[in-house]
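Colleague: Take a look at the letters that make up each chain.
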Amino acid sequence: MEIEILLALNQEWLLCLSIFLLLILFLTIENINQTLIAHTIHALLLVQVLFIWAEPKQVTVFNGMYTTNGLIQFQKSLLSLGFLLISALSLNWLKNCKSIIEFYILLLSSLLGMYFMLSASHMLMFYLGLEMATIPLAAAANLDIEKRKSGEAAMKLIYSSAFSSAILLMGISLIYGACGSLHFAEISNNLVQNNLSIFGFIMLFSGFAFKISAVPFHLWTADVYEGAPLPITAFLSVVSKMAVSFVFIKILFQVFVSLEVIYTISLSVLSILTMVVGNLFAIRQENMKRFLAFSSITQVAYILIALMGLQGMAQGAIIYFLLIYLFSTVAAFGVIGIVSEAYNKENISDYKGFYAQNKFLSWTLAIALFSLAGVPPTAGFFGKFFLVMAGASKGYFILIIIAALNMIISFYYYLRIVRYMFMEEATESLQKISVQPVSKLALIICLLGMVCLGLYGPVYEYILTFSNTL
Amino acid sequence: MTNSTFILLIVGLPFLSFLLLILSSGSKLTQKVAGQIATLLMAVTFFFAAKLSLNYFASHLTQQTAELLVNYTWLEFGSGLAINMGVLLDSSSSMMLLVVTFISLMVHIFSLGYMHHEERIANYFAFLGLFTFSMLGLILSSNIFQIYIFWELVGVSSFLLIGFYYHKSSAVAAAKKAFIVTRFADLGFLIGILILGYYGESFDFTTLISRLGDVNSPQYKQITMAGFAGIQALSWGLILVFIGGAGKSAMFPLHIWLPDAMEGPTPVSALIHAATMVVAGVFLVARLFPIFTVATAAPLQIITYIGAFSALFAALIACTQTDIKRVLAYSTMSQIGFMMFSLGVIGDNGAGYNASLFHLFTHAFFKSLLFLGAGSIIHYVHSNEMEDMGGLRKKMPLTHISFLIACLAISGIPPFAGFFSKEAILHAAYTSNKMVFFVGIITSFLTAFYMFRLYFTIFWSIPEYPKTNEHGEGTWSMKLPLMVLTLASILVGFIPFSKYVNSNGIPVEGHLEIVFSIGPVLLSIAGILLAAYWFKTANTKPQRLAISMGNAFVWVRNKFYIDQLYLYITKEIVFKYFGKTAAYIDKNLIDGFYLSLAHFTGYFSFFIRGIQSGNVQHYALYFFGGILGLVSLLFYLLSY
Numbered sequence: 001m002e003i004e005i006l007l008a009l010n011q012e013w014l015l016c017l018s019i020f021l022l023l024i025l026f027l028t029i030e031n032i033n034q035t036l037i038a039h040t041i042h043a044l045l046l047v048q049v050l051f052i053w054a055e056p057k058q059v060t061v062f063n064g065m066y067t068t069n070g071l072i073q074f075q076k077s078l079l080s081l082g083f084l085l086i087s088a089l090s091l092n093w094l095k096n097c098k099s100i101i102e103f104y105i106l107l108l109s110s111l112l113g114m115y116f117m118l119s120a121s122h123m124l125m126f127y128l129g130l131e132m133a134t135i136p137l138a139a140a141a142n143l144d145i146e147k148r149k150s151g152e153a154a155m156k157l158i159y160s161s162a163f164s165s166a167i168l169l170m171g172i173s174l175i176y177g178a179c180g181s182l183h184f185a186e187i188s189n190n191l192v193q194n195n196l197s198i199f200g201f202i203m204l205f206s207g208f209a210f211k212i213s214a215v216p217f218h219l220w221t222a223d224v225y226e227g228a229p230l231p232i233t234a235f236l237s238v239v240s241k242m243a244v245s246f247v248f249i250k251i252l253f254q255v256f257v258s259l260e261v262i263y264t265i266s267l268s269v270l271s272i273l274t275m276v277v278g279n280l281f282a283i284r285q286e287n288m289k290r291f292l293a294f295s296s297i298t299q300v301a302y303i304l305i306a307l308m309g310l311q312g313m314a315q316g317a318i319i320y321f322l323l324i325y326l327f328s329t330v331a332a333f334g335v336i337g338i339v340s341e342a343y344n345k346e347n348i349s350d351y352k353g354f355y356a357q358n359k360f361l362s363w364t365l366a367i368a369l370f371s372l373a374g375v376p377p378t379a380g381f382f383g384k385f386f387l388v389m390a391g392a393s394k395g396y397f398i399l400i401i402i403a404a405l406n407m408i409i410s411f412y413y414y415l416r417i418v419r420y421m422f423m424e425e426a427t428e429s430l431q432k433i434s435v436q437p438v439s440k441l442a443l444i445i446c447l448l449g450m451v452c453l454g455l456y457g458p459v460y461e462y463i464l465t466f467s468n469t470l
Numbered sequence: 001m002t003n004s005t006f007i008l009l010i011v012g013l014p015f016l017s018f019l020l021l022i023l024s025s026g027s028k029l030t031q032k033v034a035g036q037i038a039t040l041l042m043a044v045t046f047f048f049a050a051k052l053s054l055n056y057f058a059s060h061l062t063q064q065t066a067e068l069l070v071n072y073t074w075l076e077f078g079s080g081l082a083i084n085m086g087v088l089l090d091s092s093s094s095m096m097l098l099v100v101t102f103i104s105l106m107v108h109i110f111s112l113g114y115m116h117h118e119e120r121i122a123n124y125f126a127f128l129g130l131f132t133f134s135m136l137g138l139i140l141s142s143n144i145f146q147i148y149i150f151w152e153l154v155g156v157s158s159f160l161l162i163g164f165y166y167h168k169s170s171a172v173a174a175a176k177k178a179f180i181v182t183r184f185a186d187l188g189f190l191i192g193i194l195i196l197g198y199y200g201e202s203f204d205f206t207t208l209i210s211r212l213g214d215v216n217s218p219q220y221k222q223i224t225m226a227g228f229a230g231i232q233a234l235s236w237g238l239i240l241v242f243i244g245g246a247g248k249s250a251m252f253p254l255h256i257w258l259p260d261a262m263e264g265p266t267p268v269s270a271l272i273h274a275a276t277m278v279v280a281g282v283f284l285v286a287r288l289f290p291i292f293t294v295a296t297a298a299p300l301q302i303i304t305y306i307g308a309f310s311a312l313f314a315a316l317i318a319c320t321q322t323d324i325k326r327v328l329a330y331s332t333m334s335q336i337g338f339m340m341f342s343l344g345v346i347g348d349n350g351a352g353y354n355a356s357l358f359h360l361f362t363h364a365f366f367k368s369l370l371f372l373g374a375g376s377i378i379h380y381v382h383s384n385e386m387e388d389m390g391g392l393r394k395k396m397p398l399t400h401i402s403f404l405i406a407c408l409a410i411s412g413i414p415p416f417a418g419f420f421s422k423e424a425i426l427h428a429a430y431t432s433n434k435m436v437f438f439v440g441i442i443t444s445f446l447t448a449f450y451m452f453r454l455y456f457t458i459f460w461s462i463p464e465y466p467k468t469n470e471h472g473e474g475t476w477s478m479k480l481p482l483m484v485l486t487l488a489s490i491l492v493g494f495i496p497f498s499k500y501v502n503s504n505g506i507p508v509e510g511h512l513e514i515v516f517s518i519g520p521v522l523l524s525i526a527g528i529l530l531a532a533y534w535f536k537t538a539n540t541k542p543q544r545l546a547i548s549m550g551n552a553f554v555w556v557r558n559k560f561y562i563d564q565l566y567l568y569i570t571k572e573i574v575f576k577y578f579g580k581t582a583a584y585i586d587k588n589l590i591d592g593f594y595l596s597l598a599h600f601t602g603y604f605s606f607f608i609r610g611i612q613s614g615n616v617q618h619y620a621l622y623f624f625g626g627i628l629g630l631v632s633l634l635f636y637l638l639s640y
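Residue numbers (this note's numbering), protein chains in the order written: chain P, 1 to 470; chain E, 1 to 640.
Everything labelled a hint here was simulated from the structure, so no lab data went into it. All of these numbers come straight from a predicted model, not from anything done at the bench. There may be inaccurate statements among the hints.
Stated by the list, open to error - Here are the simulated DMTMM-like pairs of lysine to aspartate or glutamate, each with C-alpha atoms no more than 20 Å apart in a straight line:
id : chain 1 : residue 1 : chain 2 : residue 2
1  : E       : K168      : P       : E424
2  : P       : K394      : E       : E201
3  : P       : K95       : P       : E30
4  : E       : K177      : P       : E424
The whole structure should be built from the sequences, with the hints applied where relevant.
Modeller: Here you go:
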């Protein structure tokens with residue numbers, strides 16, 4: 001039995017162990033070598049990523065509260081990949097960071113929370129994972145201690161998420177009242193559509209909507225993204241969003257099958273609101289980080305559309321899209337982080353004439369933006385295409401037309417930055433920035449992901465093989 | 001070498017040229033030899049393309065079956081639906097292969113002289129390579145999804161080329177306008193692809209055509225059963241696909257980007273906005289032609305009327321323009337309108353299809369010749385405005401002759417290329433839709449008129465161009481393409497086109513009814529004479545005498561009032577009211593519509609910015625509001 005638990009939780013054990021070691025290190029060593037620590041953690045994360053190739057197994061432990069299978073294992077590896085790339089790209093920032101150990105302890109704990117959340121098959125386990133994933137992030141948002149905005153971001157994050165957790169818990173209790181159990185399988189068996197269950201579901205749903213920042217539950221996003229240090233922002237918008245989306249798929253298709261009508265209506269309302277409002281705000285932004293915040297809000301809307309489709313297609317399309325979203329967003333944040341670390345400039349207009357001195361960085365950012373906008377042949381196009389296909393699988397054509405219209409609008413603001421970089425000359429354009437080799441490697445990986453994932457079919461096919469598991 | 005090796009080289013070499021030049025664009029040496037490298041690679045590409053396409057035609061004399069040269073499964077969805085990537089060679093793509101590589105080669109050679117003083121010449125040639133690569137990918141696609149990818153790539157490279165003079169804000173704005181407007185159209189295209197792919201259960205052209213082009217297949221029955229807003233799903237799919245094509249091909253009302261796109265370098269206009277990219281829409285409709293013909297009449301009717309309207313509309317505007325490149329841009333739009341309505345009217349035994357592609361083929365040569373000629377002229381006088389020109393015929397004899405021949409060709413005067421294809425189009429229209437035929441006739445009269453208005457103002461009007469330019473007519477690299485294209489504009493009309501390219505793969509005898517063609521030709525000549533009468537000044541008496549003699553034969557009795565009437569109708573009514581109104585509608589209503597859309601978005605986003613106040617309390621309020629809104633909406637909907 002113990003062996004079984006040990007084996008089932010191997011990824012979690014590895015994380016716990018490293019958090020523990022970091023704690024000891026933190027308490028004992030005075031002068032730390034930032035680079036060494038960063039690279040050690042990178043190695044660890046790489047091992048986590050390599051679990052992609054581990055033999056998939058189906059295990060249930062802790063009285064059915066914790067399950068894992070090939071799909072979950074794959075999703076966990078993707079999260080680690082995201083963190084690995086973000087950390088590698090933030091090397092410049094980390095080198096100057098006095099609290100690097102705290103940074104890793106906090107983010108690894110958050111990652112651990114996400115792992116538990118992904119493997120949860122019981123509402124309480126899920127809630128525990130969710131909180132464990134969120135609270136360290138609020139602390140981490142404050143890592144730029146000397147900046148006032150950073151503190152503000154942390155406070156806003158902790159208040160808002162406390163609020164949303166309260167609502168979520170209320171929803172869980174109502175569901176418990178309606179079904180008499182908190183096990184996913186039993187809820188799914190016992191749930192019938194009545195006022196109580198609808199109310200409970202909506203509360204739970206809004207908790208999710210808060211985490212993935214769907215409109216109107218998104219308002220914290222821009223402030224927190226802007227104030228938090230860049231690696232944290234990237235982590236929030238990539239890793240955290242991916243984890244919650246994965247769980248969202250599982251909960252909708254596994255637990256709330258009987259409320260299909262309800263969740264379809266809610267999803268369609270939220271998706272339309274999200275893309276319209278997200279787009280309208282994104283057009284106005286002048287700060288790069290706020291801009292990416294709204295852009296990531298808009299991206300979520302397309303995920304919501306796919307969620308309305310048939311389970312197999314929706315799941316495959318969303319995971320594939322998120323994988324591409326990971327590469328594109330991490331690359332965009334990476335470039336912005338490198339620039340912000342070198343010159344402390346974060347405004348869109350600062351990127352005028354950026355191409356003149358920084359060819360590699362400009363191309364990377366441009367391809368990332370094209371991929372986010374969904375221009376073929378970048379992978380972003382294929383990601384969005386499959387999302388829309390999944391939505392089409394149940395015939396929601398009007399929604400798809402609205403989505404496509406919004407994609408056109410989004411084009412305007414993505415293109416604006418590209419135009420600034422390539423086509424405008426500034427009085428004082430940014431000088432050449434030297435990029436750390438590890439960061440460069442990470443950017444190249446992102447570039448490969450953005451260019452090749454779309455054109456190389458087997459990745460999507462591999463993801464589709466999970467379409468029958470949840 | 002096998003055919004697939006050919007294909008690899010044909011598509012690969014332009015891409016190689018792009019990669020090579022873009023990666024080394026920083027070095028001094030590349031700047032010097034960029035043009036030569038690119039042109040050399042393009043010449044080799046042309047050689048292989050010509051070989052492949054001539055091979056194809058030689059081996060498919062009696063039956064033009066489509067050949068799938070490369071096929072590779074890209075995505076497998078398990079349930080039988082797969083997306084393939086491949087190369088489909090049939091008569092229309094072989095023809096396009098020849099056109100694209102040939103015109104691209106000519107433009108490369110011309111650019112050697114025209115662009116030699118540019119700083120970013122390596123980038124320029126790299127973008128040309130990228131464009132050629134994507135255009136070739138587009139025409140060789142075996143699959144509607146693949147064509148969409150290249151379709152967008154063509155859009156991107158066209159964006160880069162239009163915005164090449166990026167220090168000119170008008171060029172940047174034009175590049176953006178072209179990109180956004182065509183993207184807007186591509187949205188329709190994408191949804192159309194989804195509908196056709198969903199019901200046809202395939203994305204391959206051949207499979208799609210065999211399924212949806214056959215009234216007895218289960219897929220056809222399904223797609224015609226389904227519908228939305230009272231229109232069959234099949235019609236929806238085809239109309240949406242056509243919208244994509246209309247965007248790229250600058251059909252009304254999606255044409256607004258084309259005149260502005262003239263901000264790009266002139267050789268680029270010759271390549272992209274005359275011969276290749278803008279006809280992609282025609283090519284797309286031609287690719288799906290068998291499906292269009294079995295579907296209900298609606299999609300083809302739309303194509304016919306939009307094509308005919310655009311042809312006339314653009315011709316009217318062209319009469320009022322003074323910028324030489326803009327006249328050519330509107331004339332391109334008008335000619336593409338011809339190709340579109342020719343596809344739409346079908347004609348006997350697919351005669352409309354043949355005529356349309358024939359016109360596409362001949363138009364590519366004389367229109368790129370016109371643009372390159374315009375490039376030479378602009379190079380000489382350093383202005384785009386017609387009023388800065390005049391009397392250039394002695395200073396630029398070669399350009400003069402080639403421009404004249406191109407003008408004759410586009411006006412449909414025998415024996416030049418345009419005559420044969422335009423006659424075929426008019427004949428197809430005559431046998432199927434009289435109204436469209438009359439629109440075509442009027443347009444071809446107007447075409448002759450405005451083209452010769454252009455010709456006479458540039459080369460005649462004053463005795464001799466006052467200034468002499470030390471660099472003369474241009475380098476040899478600029479003259480050579482003009483000569484080659486002139487030769488082509490004279491000769492290509494004699495090709496028995498319908499034997500090689502036709503809608504169902506079975507060669508058709510071309511027809512040339514002398515009696516039928518007399519009318520249109522006479523009308524065109526009348527247009528030319530009218531232009532000469534007005535725009536060639538008085539001191540060229542012998543010509544004037546000859547022309548008024550010509551007038552006398554036609555109008556001898558009616559001279560007194562017809563002449564006045566013509567003058568009145570054209571100068572006072574057509575010019576002042578119709579032409580200007582059309583230009584006004586174009587400028588204010590249609591541009592205005594897109595502009596106000598942008599304004600509205602901007603205004604609205606300004607209006608709602610108050611929501612994002614920065615107060616966490618407010619955020620919580622909206623959170624609650626969201627929950628309440630959702631719950632009340634749900635209970636409201638469920639109470640029914």
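Colleague: All the hints need checking, so say for each whether the structure fits it.
Modeller: For each hint, the structure was consulted:
Taken as a hint, the K168 (chain E) and E424 (chain P) pair is honoured in the structure, with Cα atoms around 10 Å apart against an allowance of 20 Å. The hinted pair formed by K394 (chain P) and E201 (chain E) meets the criterion: a straight-line CA distance of about 16 Å does not exceed 20 Å. Between the alpha carbons of K95 (chain P) and E30 (chain P) the distance comes to roughly 16 Å, so the proposed pair stays at or under 20 Å and holds. For the given pair, K177 (chain E) sits about 17 Å from E424 (chain P) by alpha-carbon distance, which is consistent with the 20 Å threshold.
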